[in-house]
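A.B. asks: Protein chains in written order, with this note's numbering: chain A, 1 to 141; chain B, 1 to 255.
Among the hints, erroneous ones may be present.
To be verified - Now the stretches of chain A that chain B is said to cover, found in silico as 3 or more residues with beta-carbon under 8 Å:
(1) 14-21
(2) 66-74
To be verified - Pairwise CB distance ranges (calculated):
(3) B:R214 <-> A:Q42: 14 to 22 Å
(4) B:A211 <-> A:H5: 23 to 31 Å
(5) A:A9 <-> B:R69: 22 to 30 Å
(6) A:D6 <-> B:A77: 43 to 51 Å
(7) B:Q217 <-> A:R27: 54 to 62 Å
(8) B:V201 <-> A:H5: 41 to 49 Å
(9) B:D81 <-> A:A33: 49 to 57 Å
(10) A:E89 <-> B:G228: 37 to 45 Å
(11) B:Q70 <-> A:R27: 27 to 35 Å
(12) A:R30 <-> B:K220: 17 to 25 Å
(13) A:G43 <-> B:T203: 42 to 50 Å
(14) B:H38 <-> A:R27: 22 to 30 Å
What the hints contain is simulated information worked out from the structure, not anything from laboratory work.
All C-beta atoms in this analysis are idealised placements derived from N, C-alpha and C, irrespective of residue type, glycine included.
This is what each chain is made of:
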Amino acid sequence: MADQHDIEALADSLSASADALHAHLMRALRKPAPDGAPAMSQGTAQALFENEVLLRQRANSLYLDSARLAAAGLGGAQQQLLELARRAEDAIARIDRVKDMIDLTAELLSLGAAVATGKPDHLAAPLEKLKHHLAALPAPG
Amino acid sequence: MKLSRVILILCCLALLGGCASSSPRMADVRAFAAQSPHLGAYHELTERYRTTYQREQPFLSPAADLRERQLDQQRQASSADFAKLQTGVQAYMQALGRLAGDKQYDLEDQVKSMSAGIKAWPDSGIDERHVNAYAGLARLVARALTRPAQDSAVQELLRDGHQAMAELLGAMRTLLRLYDKSSDNEQKIVLGMLETEIPFVDTRRDRLLLALSRSLQHDKQAEYHLTGVRNTQAQQNLAAIEQAHRALFNQIPQQ
């Protein structure tokens with residue numbers, strides 16, 4: 001099977017031929033006949049342009065073939081990256097639990113500060129916060 | 001004997017320190033991940049490639065239209081696959097970014113709320129100095145707890161994803177180049193039709209037709225010029241992403 005670069009190179013040369021044909025056509029159209037009309041008949045110009053379009057369509061068809069070859073067989077790489085992205089999310093979840101631990105420590109510390117004031121009414125708020133936090137933590141898996 | 005062992009241990013520690021400092025800095029990883037929105041241009045250009053026929057159709061002869069319709073079917077079928085290449089790359093880059101994220105692991109908020117919690121008790125005998133000391137300690141603990149886990153997770157992801165990323169980015173680069181070449185031919189079909197027909201317009205009888213054609217010619221030239229610029233930019237951005245990814249991979253200690 002032809003390789004992606006070979007097909008692309010073939011398409012490049014078809015595009016280049018179309019460019020050459022177009023340059024030729026435009027030169028003829030810009031050279032007016034004595035009566036001011038283009039030296040070439042409209043029918044001839046259209047027929048020539050039709051060939052140019054055909055060349056470009058062939059080239060684009062080859063570019064598509066080449067693109068398909070470039071993208072083929074990458075399903076595995078694709079899957080692997082999606083799988084890795086999922087694993088990273090797991091890792092993030094694990095590290096988040098460490099963060100929870102810091103949160104808990106902070107709450108314990110403010111509870112400690114409340115205890116140190118010796119004013120029991122100050123205890124209620126930090127205690128409630130801590131209880132809620134513990135209840136919200138995911139069960140250890 | 002004892003002394004040489006101590007020196008050996010110190011050397012090992014120094015080596016380990018060397019390893020740690022050679023791992024990619026989280027800021028670099030985040031900077032890499034922040035480039036992922038640039039992949040949007042690839043998506044946009046794939047979509048433009050997919051809709052080539054719609055733009056060409058009014059300018060095609062019946063025979064050329066028939067041929068182009070066949071090509072269009074193949075293009076439609078393949079473009080979905082082309083667009084998918086980007087999905088995996090983007091998901092991977094975003095995951096890396098979150099994993100190396102500042103916000104996620106910056107415990108400054110926790111430290112602050114802790115300080116605030118302590119300050120709320122003015123009679124506790126705890127003064128500003130203590131609060132700052134607590135905060136400093138908490139910061140150190142937080143860093144010590146999260147850093148190694150984050151570092152190794154980022155390194156693992158970079159190591160495991162390297163090959164797949166290189167392949168997908170390479171394919172995307174090739175496809176952008178092919179879109180550009182295909183768009184060139186599309187441009188020359190559209191503008192070429194106008195260019196070869198305008199000389200035959202009767203300048204006195206068909207003034208309106210001439211004005212409309214020239215105006216369309218002008219607009220189309222601008223449109224294709226912009227598309228070309230957009231493609232060049234997309235290729236440059238993709239090359240920058242490939243390069244940044246290689247640089248990150250080269251920074252991680254090889255196993």
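A.B. asks: Which of the listed hints are not met by the structure?
C.D. replies: 4, 6, 7, 13, 14
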